[in-house]
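J.: Listed here are the chains, written in short residue letters.
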Amino acid sequence: MTSTLLRRLGWPLLGSVVALGLTAPANAAEELRIGFVAPTTGIFAQVGKDMVDGFQLYLDDVNSDFGGAKVKFIVEDEQAKPDTAVTRAKKLILQDHVHMLVGGLLASSGYALAPVSTADKTVYIAPVSAADDLTQRDLPKYPYFIRTGWSSSQPSHPFGQWACDQGYKKIAAIGADYAFGYEVIGGFQRAFEACGGQIIQKIWPPIGTKDFGPYIPTLRQDADAIFTLMVGPMSLQFPKQLAASGNKKPVLGGGTSYDEFVLPSMGDEVIGHVSALQYSAALENPKNEAFVKKYRAKFGKVPSYYSETNYTTAQMIHEVIKNNKGNFPGQEEFIKQLAALKLDTIRGPVSIDEMRNPVQNIYIKKVDKKKMFGYDKDELWNTVIKTYPNVNQFGQFNKEEFLKTPVYSRDFPPCKFCN
Amino acid sequence: MTSQGTKVLVVVAALAAIAIVVPNTNSFVILLSTRALAFSILVMSVDVLLGYTGLPSLGQAAYLGVGAYLTAILATRYQFGLGYDFWVVVVLGILIAAALAAVFGLLAIRATGVYFLMITLALGQCAWGLAYRWNSLTGGDNGINLRGRPKFGIDLANEVTFFYLVLGFFVLSLLLMYTLVRSPFGRSLTGIRERELRMKIIGYNTWLHKYLAFIIAGGFGGLAGVLWAHTAGIVSPENVVLTTSVDALLMAVLGGAGTLVGGVIGAIIVFGLREYLSTLVPWWQYVLGAVYVLTILYLPTGLMGIPERIRQRQTLSGKREDVKKIAPVTS
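If you're matching them up, the sequences are chains A and B in order. Under numbering that gives the first Met the number 0, residues 0 to 418 are what the first sequence spells out, in order. Under numbering that gives the first Met the number 0, residues 0 to 330 are what the second sequence spells out, in order.
Some hints could be false.
Claimed, not checked - Pairwise CB distance ranges, derived in the manner of DEER restraints:
no.	chain 1	residue 1	chain 2	residue 2	range
1	A	Lys-293	B	Ala-121	50 to 56 Å
2	A	Asp-210	B	Met-117	20 to 26 Å
3	A	Ala-118	B	Val-87	21 to 27 Å
4	B	Leu-296	A	Pro-285	58 to 64 Å
Claimed, not checked - Selected chain B positions facing chain A (in silico; Cβ < 10 Å):
no.	residue
5	Val-28
6	Asp-140
7	Glu-158
8	Thr-160
9	Ala-231
10	Val-234
11	Glu-274
12	Tyr-275
The hints are simulated quantities; they were obtained by calculation from the structure and are not laboratory data. Cβ atoms here follow ideal geometry from the backbone N, Cα and C, with glycine treated the same way.
Isolated chain B, as found in the complex (with noise of 0.2 Å):
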């Protein structure tokens, strides 16, 4: 058995390696390493809802378009949040989106199961609709183009120096949430995953605490917004669709539902294979359609499943050996 210490430090050499890595790559590799982190915040969020207290949310992209548009419009029709006051504008995000769960949360957290899912898949629509239709405030279909990034100091304009800046902010929601789920808070909200009845009888407030996970879960949404407002460059509907909430979902599930690092491993797949492998062959949906597929059948506990896997299959081939050892002696 690894011990949670040498899942962190390989969590962190991990990081490490991507710091170091990354920036001495080709431009276009910076590209995508930036947009998959800064979605890995979005992904992290929903595995705390989904892999930390079985709430499976369809309308994450809400949040992040709450972000999103907030960055947008406060840059283009107030020139606010270029300088130094991005980091107001990283606390507007946050704030707002967390505002946002707790109205969505009101309607959302009195469901479970596929009835939670129905409704934040409803409510991420609306928001979709809002946007889409909301012309004059959000551009409609256009969607609304950033014109540069923040300079405060240090530029950020230039991808190696933006990339750190995700990274730093991807770095600490990680840390954030690994506390936080393992926080005497984040315990009860496992209880809640296993058996929500008997929190109950034992006496937690079970409403309170998932709709506090939600808001929570809604606030780094937020954050994963503002970050993507300024790697993307420009805000659209695209961003707050269902699909986009549907990716999220698929990613933490594809690294491992309950893992938080495992959403960073789903995006860094689903967007090296989206963005990159599409630009080498035509047949990339197809890769992508299988490993989703293998993913589900052979690791239902998605890839951070892997190691536990093939310790299982040792410890199982090396009692099978001890039992042909022994099989003789018996016959």
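Pulled out of the complex, with its shape left as it was, chain A reads as follows (with noise of 0.2 Å):
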């Protein structure tokens, strides 16, 4: 009751603020509100920091001033559930009347989002949730929506090719059983069988397995190497129990299995681990050696690609702010200028599709133990062995014929080798 007195109040004055922002000259400083829903509770309350400290880091990089535009920076707990980021979002969109949306952590989260963006008619960036049809199929439905990180199967595509350049005939899949890791292995298996390679075996153990004493013992043993999708605490113990059970093959991995955000609490077994993704703290340039520095000395921690990400993102709406001279272009001008960026960025150059999802390098990265950057410690770090450059979502695949399968399933693709 008192809140809705106060907002009573709060309207003769707000209308005041506003006829003198309409009286003000057009070049005056204006104010960008930038909503951010990450989860800052509950078991992705880590990741959700490691999201929120790399756009804030940005943001303290250039002062809050996007081109002469004053950053309002409001982030509101998604908790990782799509019903309360809708209501987060509504919440920024109907009280705080920010410009733009950015943030979402899970798919789930980001299809959440998207529809939010379009009813309200509010710009959505996504630099985490990379579920592949909000680029893809869905996209028609989003026109409000873009992404700044990566669609799931993106790196999975040139990690196919290179498995198959590495010798790989036969390969058994093991992955978190929801909609990220049906892609991560789709794209994968797509790529992989397009050169000649066999996925022989997909086992599916349930998000948050602790224990993979039962699956295993069932990796086929005529399989040339293992492919595995972890998410969190998964992807600390899945390769402690494989290596405890005597495991000699190789073992590649979608990227978040071994990104920063879990690497430094990893063991030695994870020495050797291939995995694909379009960021590493390891990356050898001046901008991301200074990134890592920076970030480090601040939050005690190495960046991971959710730091990253966010901290690229926001570098990109500054980009589009600052071409407007600190004016907010409105939903369709913004989505469209930036959707027309070429930077160079922390991960590399990083342009976007036509279809709204980035085209960037994608690394693929051995986990190594080394010092890195003057630290004086041995530590593991995915150091890049190999580079595909300018990759986008589609791969090597022809955008037309991919677009006509349906989205990676549990079903898609089918596995022909199995059994």
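Since each chain comes alone in its own frame, lean on the hints to assemble the complex.
T.: Quick look at the structure:
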């Protein structure tokens, strides 16, 4: 009740502020309100912290000044639940009147937020949420949606090719049982089988599996390598148990299985494991080195891709606003200009394709124990062993044919070589 | 002693106040109120079981889920329920949820106390498992997005219109459940809550009574689900998961079990803290926790027990003064 009272009193005040804003000259400092949705409580709270820290670091770098516009950065907790994400997004739009929404961790949050952006005609930028179809088959439904991160299967396409080049013929896959897992493994399977490889097994342990004891012995012995896609605590547990089982086969994995978010907590058993992603904290370029050092000094940990992608997203927004002399150019125009950007970022050159998904380098990375960037301890790093430049979300495949096939799922692509 | 009439009057006044005040606030408050009201129907259905029949159900979210998924699937796959046929969906949602409750009830009603709690929990998790794993139908973890709200003469996409619709359904549900618990049937439910054995001896078929109450509660859960799907615009396994059932139970206890409107107060407080306070301060969870703990410790009858408590204290202190007046004389 008090809040309603306050709001009543607030209206005339707000009105006069708006009136002042209207009479002020057009080039006066404008406020740019960015609504940021990330899980800051619950089991994904630490990932959420990386997301917020990455974005905040960029704001601190430029003193929250985007080409004259003062940035108001409003963080809301989505708790990694789609329902909550929608409520919080609505709050940001209706109450804070934000110019754009940024964030969303899980694919489900992305799927929940995109329709909100359409319904409320608000820009939604996804730096993390990677659900393939948002920038593929579903794109026409979401005119105010754009991605600055990646689509789940994007790194998998070159990775499958790379696996062929290594001479692997048969691979057994084990991955977390949900949409993101299907998409990462599905992309790998499509690419690997397109160049003559065979996926001979697919195992789907449920999300949050703590004991892989029942799954590891069932991995087929005739496989040349194992492909794994784990998330959260599963990433830590699986390699341990796999090593304990005496595995000698090479291990490949989706980017999140070995991301710097989990890497420092891992043991030596992951040395030699190979994964693919659009970022590695061990990228050897001056921008990244400076970023890693700054981030580590400030937050006491190596930045993960969650940190980098949000830092870069802030940079992209800055670029567009700067080009408009500190003004928000309107939703359609903003999306158009953001999609036209070509930037040299921490993760390398990034541009955006016509389906509003980034075109970027995909790095094949091998876990290594070494000293890096002048730090004096031996640590695990994702050393880049091969770079596939300017990969788009369809990779080596033809876009039209790709879009005719259904989105990757538990049953697609079908496991032709199983049993 | 306040008579039942005054209580009803207070509730009517409060509802009128909600109907007048909420649409004049900002749109986020309207959105939250709509959500709280839609969810309140589920909380009241829990209260019919918990407060009037003595059956603590931990699987009530299953019925919300069935109603919500039905609405979402019909709307996105068959474009059904987006016009006047919305009313058909409402009826279907209630019927299907009631049917599910009829099946679950067969398994659950035989148990009492903690065992009832466990069985409903397990059954609720079965529904969650289905929602989570039946990818082709439910969209799995990603859930289903509804594209728009129904339009029939009135456009429910308008938040205020939709708020009034939900309020209407809420008032109707409240009336129906109020009538139910005050009917002879409801009285015998209370009897079962107090002492089932005695009711059995008198000759009541207590199993049937509990079974019917369970089905009716399920039906109201389905109604809440249909409304919830359109309120949130997204249906996901998160709506069916255990915490949603626990939320409903806690709201009922917080407001005061066995009062119906108590559940609404509980819902408003929890939604207010969780969705509104959380946007203001990061430590909102402590406040919510403290509210729960303090209520359980000092108000076992819930927030609706406050007036009663005050009255008791007044009469008590009144008596003490009487004692004091008398005391000097005797000493």
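J.: Determine for every hint whether it applies to the structure shown.
T.: These are the hints, each one checked on the structure:
no., hint, verdict
1, A/Lys-293 to B/Ala-121: 50 to 56 Å, "holds, 51 Å"
2, A/Asp-210 to B/Met-117: 20 to 26 Å, "holds, 24 Å"
3, A/Ala-118 to B/Val-87: 21 to 27 Å, "holds, 25 Å"
4, B/Leu-296 to A/Pro-285: 58 to 64 Å, "holds, 60 Å"
5, Val-28, "holds, 7 Å"
6, Asp-140, "holds, 5 Å"
7, Glu-158, "holds, 9 Å"
8, Thr-160, "violated, 15 Å"
9, Ala-231, "holds, 6 Å"
10, Val-234, "holds, 9 Å"
11, Glu-274, "holds, 6 Å"
12, Tyr-275, "holds, 8 Å"
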